[in-house]
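*Asks:* Residue numbers (our numbering), protein chains in the order written: chain A, 1201 to 1528; chain B, 1201 to 1528; chain C, 1201 to 1528; chain D, 1201 to 1528; chain E, 1201 to 1528; chain F, 1201 to 1528.
FYI, nobody ran anything at the bench for these hints, they're computed from the structure. Since this is a predicted model, take the numbers as computed values, not measurements. There's no promise every hint is true.
For chains that are exact copies, the list does not tell them apart, and a pair is met inside one copy or across any two.
27 Å max Cα-Cα, derived DSS-like pairs, lysine-lysine [what the hints assert, rightly or not]:
| hint | residue 1 | residue 2 |
| --- | --- | --- |
| 1 | K1503 | K1370 |
| 2 | K1307 | K1503 |
| 3 | K1203 | K1365 |
| 4 | K1365 | K1518 |
| 5 | K1404 | K1445 |
| 6 | K1203 | K1385 |
| 7 | K1307 | K1385 |
| 8 | K1445 | K1503 |
| 9 | K1503 | K1365 |
| 10 | K1203 | K1404 |
| 11 | K1404 | K1385 |
| 12 | K1203 | K1307 |
| 13 | K1404 | K1503 |
| 14 | K1445 | K1307 |
| 15 | K1307 | K1365 |
| 16 | K1404 | K1518 |
| 17 | K1307 | K1370 |
| 18 | K1445 | K1203 |
6 protein chains.
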Amino acid sequence: MPKPSPISPTVDFDRDGVQHGFLRLPYSRDDSAWGSVMIPICVVRNGEGPTALLTGANHGDEYEGPLALYELARTLEPGQVSGTVIIVPAMNYPAFRAGTRTSPIDKGNMNRSFPGRPDGTVTEKIADYFQRELLPRADLVFDFHSGGRTLDFLPYCAAHILPDKAQEAKAFAAVEAFSAPYSMKMREIDAVGMYDTAAEEMGKVFITTELGGGGTARAETVRIARRGIANVLRHAGILDGAVEKTPTRWLDMPSGDCFIFAEEDGMFETMADLGEDVHEGMVIARIHSIGRTGGPPQEIRAKMSGLLAARHFPGLIKTGDCMCVVAR
Amino acid sequence: MPKPSPISPTVDFDRDGVQHGFLRLPYSRDDSAWGSVMIPICVVRNGEGPTALLTGANHGDEYEGPLALYELARTLEPGQVSGTVIIVPAMNYPAFRAGTRTSPIDKGNMNRSFPGRPDGTVTEKIADYFQRELLPRADLVFDFHSGGRTLDFLPYCAAHILPDKAQEAKAFAAVEAFSAPYSMKMREIDAVGMYDTAAEEMGKVFITTELGGGGTARAETVRIARRGIANVLRHAGILDGAVEKTPTRWLDMPSGDCFIFAEEDGMFETMADLGEDVHEGMVIARIHSIGRTGGPPQEIRAKMSGLLAARHFPGLIKTGDCMCVVAR
Amino acid sequence: MPKPSPISPTVDFDRDGVQHGFLRLPYSRDDSAWGSVMIPICVVRNGEGPTALLTGANHGDEYEGPLALYELARTLEPGQVSGTVIIVPAMNYPAFRAGTRTSPIDKGNMNRSFPGRPDGTVTEKIADYFQRELLPRADLVFDFHSGGRTLDFLPYCAAHILPDKAQEAKAFAAVEAFSAPYSMKMREIDAVGMYDTAAEEMGKVFITTELGGGGTARAETVRIARRGIANVLRHAGILDGAVEKTPTRWLDMPSGDCFIFAEEDGMFETMADLGEDVHEGMVIARIHSIGRTGGPPQEIRAKMSGLLAARHFPGLIKTGDCMCVVAR
Amino acid sequence: MPKPSPISPTVDFDRDGVQHGFLRLPYSRDDSAWGSVMIPICVVRNGEGPTALLTGANHGDEYEGPLALYELARTLEPGQVSGTVIIVPAMNYPAFRAGTRTSPIDKGNMNRSFPGRPDGTVTEKIADYFQRELLPRADLVFDFHSGGRTLDFLPYCAAHILPDKAQEAKAFAAVEAFSAPYSMKMREIDAVGMYDTAAEEMGKVFITTELGGGGTARAETVRIARRGIANVLRHAGILDGAVEKTPTRWLDMPSGDCFIFAEEDGMFETMADLGEDVHEGMVIARIHSIGRTGGPPQEIRAKMSGLLAARHFPGLIKTGDCMCVVAR
Amino acid sequence: MPKPSPISPTVDFDRDGVQHGFLRLPYSRDDSAWGSVMIPICVVRNGEGPTALLTGANHGDEYEGPLALYELARTLEPGQVSGTVIIVPAMNYPAFRAGTRTSPIDKGNMNRSFPGRPDGTVTEKIADYFQRELLPRADLVFDFHSGGRTLDFLPYCAAHILPDKAQEAKAFAAVEAFSAPYSMKMREIDAVGMYDTAAEEMGKVFITTELGGGGTARAETVRIARRGIANVLRHAGILDGAVEKTPTRWLDMPSGDCFIFAEEDGMFETMADLGEDVHEGMVIARIHSIGRTGGPPQEIRAKMSGLLAARHFPGLIKTGDCMCVVAR
Amino acid sequence: MPKPSPISPTVDFDRDGVQHGFLRLPYSRDDSAWGSVMIPICVVRNGEGPTALLTGANHGDEYEGPLALYELARTLEPGQVSGTVIIVPAMNYPAFRAGTRTSPIDKGNMNRSFPGRPDGTVTEKIADYFQRELLPRADLVFDFHSGGRTLDFLPYCAAHILPDKAQEAKAFAAVEAFSAPYSMKMREIDAVGMYDTAAEEMGKVFITTELGGGGTARAETVRIARRGIANVLRHAGILDGAVEKTPTRWLDMPSGDCFIFAEEDGMFETMADLGEDVHEGMVIARIHSIGRTGGPPQEIRAKMSGLLAARHFPGLIKTGDCMCVVAR
């Protein structure tokens, strides 16, 4: 029999109204013998109805989600809602406080930690709580992502191509409602440990985004995120009001040829900016050796035509880093 | 009498042709008793004529300069040149290798280390070598900057408002030749220790840039940098060919009201993107407390009208950080 | 079938007399390919009779236990003993050497690592050795604790309220014999992974203490520890001589209302000192925001009446830290 | 000619009323190119009259001063004051935020950094600002100290034995007014770099304290600090109301024999608690070797009779640490 | 059912000719969201025939193996080969890049990580790939070791005494072919987690070496390694040409008395150099206390006669470190 | 007027007999408010006569000196001596404890810190004490060196070619007396900050050694060191008994061509071992790129003929490291 979760919430998920509280996770350590990790949570409930579970900072250095969700938690009123909205604006809260992708406590990548363990690391304990306590309550699961400090993305909303086509159709309809400039049908090559997979395997409607990156947020991408999440809640009948639709361009990443990985260390130069057209065989990036002047850069050529959907962000690059992603 | 510099160059500044070499600075340390810092340098000389001294990575996390200068060093041929071009694409080379603003060796901020010291820290020794060996050789001094990992700027070329109006006019003419989208007349409030000041006090024509930031470079900003530096060399008569002029918009930062500093820690939200218009009294940024949901963000208002010229880049902000810069 | 423990003792547990030796645990690492952790151990045996297993520094920053036990190991003579005394004065020896609660090698909290694993981390290997080799030898298990660097406690000896009332009665009798100023009947909310639980589940008489804290020891608390452990051994018939009884005050922590956790970061102020009376609703602590002057502190009120039994020790406090414990 | 201080205050020292603001010190670094250190400051002024300069956290791990001064800044009203009270509750603010004695930025010990340098380290820049801007404004200078994380003291208020006996008498009278349980006449063997010396050399009345230690504060020592600082301001005629006198015991540290330093590493045991009587030749402390059981501890004997005024706090001790201080 | 390995090779093991490529292991982390570890691999194949799997840097600070294997990979031509040679010159590549025994990513000791886990740490994922993908392809497995930064060894080639005497005989014949100055018949006391064991349990011929140490390589030991590996491949019929035999001296480590562990911290002095004769009872090493002058060193005596086969390398030693190994 | 040194010795330099004590240097820090660095010192004096000042661990990772000098301090008897022997076996004691070249406190390289400063860093304070207190007492100054963790040397004793030929002759005679296998006449290119220079400028006879390296010591090099220092003291008439002469080979490093520096990062391979003959143009070292297999190594050729006197020790090398030294 699995152990109970060590996490105790200070909110009551079945109470009507707005509650601002914490998921308290005991965490004993050198600088606090009886310390805890306190993950902010907000629950807005108004009677029976569907439940949406909204999360940001699954990776701690991605900001459009937290900027949309702290604001939503602050402004959402029960009278606007039918059902329940559970908001965890910073899912991997220790990582979010540190401004890093993974947790500074255990280097845990939240999105590779599912289904988690009640007696595992801090990150695994949080995953386990979502797996066994929060996901089962949800009908709709929305998880915000952006590129973080080391990647930059075109702004898109996305859902997975799924074996259950009814489930898939619901998810793509929600993506359409989000109305990001781009929308993506994702094939996951390696879905082990993902929050996405955990939700989808329970039959939930799961939607996610990539809305920029570089460890920052722009005014424009935050506007996309805020309008999008309201649209999705309206589309689901949880928030009153009509969806504010704007046109979106659907993208696809059909094969492993979309991804190009560095085989040298050096200074990274992208030859195209995000959203620009790329054609097969074109030099789309270069890696410059920095140890001396005068040597030729390594030239990297596109393996397929399309548009530049994502790129390595920092000025330096290491062997094995993903340099660019071409989508169609 | 000052001590001689411990730095020895492996290039001969008075020899015609192209040389790729190093400035070798002995640096004894735990992991290399007889180690050295080897700073790449390229000299392209073709007979008598003016000397341009070109530098990038004065701050190690700024990439448009190095991307332009490693390329220039690789491609410049003596036949194109009248005089001498000295290229140090990564001035604070230890910082550049680490991808950080300051040197990982001594935390030295190169642009606050002038005039340097021959028996000081590694950063001070490099500054001293520029002060006593390289600057005196130069007629034109060009130092590339961008915002680095923690700031983002509109792309502009800039020179200082100077007491010597003839010197100032030469600098502004070179800025005009660079042809960045924006051009800036800078007033420096605190010029102590700057490379700029060191060059200007010797009567040199000194020009600099801010060309983006965030610790990355875009294809577009790199194109601006490469075209700009060629233009400046052509304008100076060192490189053959005509200046490729494009229109530029001149900006000014007239007072301390241009700069706004954070008085809280939290998650940073800019309400305008770079280049957007801003008017006095408008909320241009907000700081969100992250410890719990439900609290109001702190609102920051513009102290003057203009356009947003620079902003804090990372998603989190700390008390005392510069949040935004408004220019006119 | 479980693997054998990698730990080899240099003492013989069945030999009469005094032996000072080590538990040697191979630990290969970057700074010692064939290194080991050497945990000091002392065995004093005199014929047949009960066995007491005495431990300190289960948490490495707690000193009353090690100060009592290194002294006991140095001075105990076989002639005074009937049976066997096994003394491990620093159970989590790597943590003890570092002066930290958890092990610097693996961040292991010894008291959450039971039953351990023979092929786990260093801390888990030590736990496994106690679980499978030392605990089975013992009749009486005494584990010294204090508050460590981040908590401070009233001095008390304690045992758990247990389902087996005969086992419980033996433990409380031993607590009574210890004769600390205070005595505690503990209810453990979350007993997973504790040494206490491991011992109790084997049916052993398990006793523990909290004797101060702050990462130090006072002359007075060391006297309590030394007199107490001698009393317990006399009470158990292992050490000759009569128990030196002094009056003790029994305490109880009846519910979760005893514990108060911080919901803000800041500077911590306790409004009562240890042992002072506290009544429900009284402000027992305040948290001061340190970023600027002039703001009101957050006031924390007692949820029940009693006396202050424990408190957060350092001057600064973080969200989630236990601030104070009220006992009755 | 000395450079101007880079610090700019956001308060006006000559304006009547209460102001809460900052000393802003630009501090460019890897994680904030245009960052600053923002040191909280409060000025309460009511017309002409003497000026008191009150400081805490000269060492960042000492809490009685900050607890008294943030509270005083929050509650002091101009109507109660004649003259000016300048409050900097956390003088070495970076150290205070980190909870460490010295600054995490430059390891600067504020009390060894005077007179400071405007172009030095962050700690030296703060010292320089006090030296050239704040001390000259003051008549009375009060600097709170406690033992910090590694020492523990009897609570006393103190002033130096000075060559100028009139200045000394004023200081001792203020110490008497403070009414701590103990009062100390200090001889400073090595006064180089101290804030005390900087103030005294300008002829100011300088008073200080030691009020406990261990990196914490007790309710009792905070009460002593709050009552004491009010008393000193009343005694100086700056705060209205009468001094609340309580008896104090005067102490003296006549020679180097008061201080005993460790000559071994190991576990520290004090044989007396603070305030207990000590006589020459008595074993007042022991150092236990921890690497194995069975060895004799090193015994340390008092070199003079008196009472134990201070002690090493942590459970472990290193060669060269001050173990105990005997006063008379 | 076990999960598939996350590692993808860029070489085709069944293709004839020379291929230089990578084992790509996805590794998401703070400084590269979509990063990978890229382990260099070379495959030289010429038709059917036996397969040799050659590895270096199982421990990352051992250099004879990588120096032999990068060279072999660079120079081996298909025409010289019958069958397949798979070369992974730096098995624990992250450790090798860092110059450390264990991986800087997870502190994994590769030689204690077998059989590995596809969803474990980076080191465990590499072990799993060898266990399930590479070892099954091999007939002959050769793994280079030296002493690394903390041990120094006589140069020897070695194989284990095995229960299957036919397998053992093949291994010893290959050792003989290697022709190192010394050859060793090894008894492994604790074989859990070793690569050796993984290979031997599959019935492979497994050979290894110790060829010096100290975290360096000498010209002489590199010559031994290069000649030896060519000899072994010739002996196996994979490389054409005759074995270049030179005399070797066979050694044995018959019991635990061969190994001596330090029981003190201090400065280490060996009284014999590698290869010198040692007799039982002789002082073979001393540990000097460094805290003060004048104290006697601890003397360590040999427990058996033989020659000094290995020693602790660094000048300082810690309790628990292996000081010396005597072989016969 | 210079400030007095903060260092206080616990020995009396003018007292006859053997004294073991400390140089106590107050060092306040986060983990010890009133801490000190305690540098072991031994003084052996027997009436009037010359004074020898003997030091080891000027660089903290060099062991032949400390191994010779702790032993000498332990065994030297006043009756054997005429005059005074001052022994500081670990001059940069904090570095020596850490096993690093430079001080872990301030990264100070002792041999570049002279003449030091009484109010500087810990390393500068030690240098100042030698400069102003110890060197003036000495007639003969002997400073042991070896290669440390990153270099390895042929064993030699050395003195500088000096302008004062009488002083030089005395030094070379002492070198001859030392009787190392090799002897060196050194030309110092950059003598700034060296202990050697400080001593020579006072007219002292200064001798030094290089006796191996790699951060270890061999039995043979320790024997050379012990016999050598006794010989030098006998030669100086301080120790009774006759010099035990053995043949030595004199070497010279005539120009900068002796030293070769790496211009690539990679894996280092020496093509000759220490003491082997080298001729101009021969490949004496190679640097292998480790990122992929198949690439050619960089070949480094000797710039002059001679023998290999020193080499880079670790298996990896960085651009700027000294690779090898050829002597004649």
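*Asks:* All hints, please: hold or fail.
*Replies:* Checked hints:
Taking the shortest Cα distances, K1503 and K1370 never come within 27 Å of each other, neither inside one copy (33 Å) nor across copies (48 Å). For the homomeric pair K1307 and K1503, neither the shortest alpha-carbon distance inside one copy (33 Å) nor that between copies (37 Å) is at most 27 Å. In the homo-oligomer, the alpha carbons of K1203 and K1365 lie at most 27 Å apart only across protomers (26 Å), although the nearest pairing inside one protomer, at 35 Å, exceeds that limit. Within a single copy, K1365 and K1518 get their C-alpha atoms no closer than 40 Å, and across copies no closer than 47 Å, so neither meets the 27 Å cut-off.
Taking the shortest Cα distances, K1404 and K1445 sit within 27 Å of each other inside one copy (23 Å), while across copies they are farther apart (57 Å). Taking the closest pair of Cα atoms, K1203 and K1385 come within 27 Å of each other only across two copies (25 Å); inside a single copy the shortest separation is 37 Å, beyond that limit. For a Cα distance limit of 27 Å, the shortest separation of K1307 from K1385 qualifies neither inside one copy, at 29 Å, nor across copies, at 38 Å. Taking the closest pair of Cα atoms, K1445 and K1503 never come within 27 Å of each other, the shortest separation being 34 Å inside a single copy and 36 Å across copies.
Taking identical chains as interchangeable, the C-alpha atoms of K1503 and K1365 are never at most 27 Å apart, the minima being 30 Å within one chain and 53 Å between chains. Proximity of K1203 to K1404 under the C-alpha cut-off of 27 Å is found in both arrangements, the shortest distances being 25 Å within a copy and 24 Å between copies. Taking the closest pair of Cα atoms, K1404 and K1385 come within 27 Å of each other only inside a single copy of the chain (17 Å); across copies the shortest separation is 47 Å, beyond that limit. Both within a single protomer and between protomers do K1203 and K1307 lie at most 27 Å apart by alpha-carbon distance, with minima of 23 Å and 22 Å respectively.
Neither within a single protomer nor between protomers do K1404 and K1503 lie at most 27 Å apart by alpha-carbon distance, with minima of 35 Å and 41 Å respectively. When the C-alpha separation of K1445 and K1307 is checked against a cutoff of 27 Å, the pair qualifies neither within a copy, at 39 Å, nor between copies, at 50 Å. Proximity of K1307 and K1365 under a CA criterion of 27 Å is satisfied in neither setting, with 36 Å inside one chain copy and 44 Å between copies. Taking identical chains as interchangeable, the C-alpha atoms of K1404 and K1518 are never at most 27 Å apart, the minima being 38 Å within one chain and 36 Å between chains.
For the identical chains of this complex, K1307 and K1370 are neighbours neither inside a copy (34 Å) nor across copies (45 Å), given an alpha-carbon limit of 27 Å. Taking the closest pair of Cα atoms, K1445 and K1203 never come within 27 Å of each other, the shortest separation being 45 Å inside a single copy and 42 Å across copies.
Of the numbered hints given earlier, the model fails hints 1, 2, 4, 7, 8, 9, 13, 14, 15, 16, 17, 18; all others are met.
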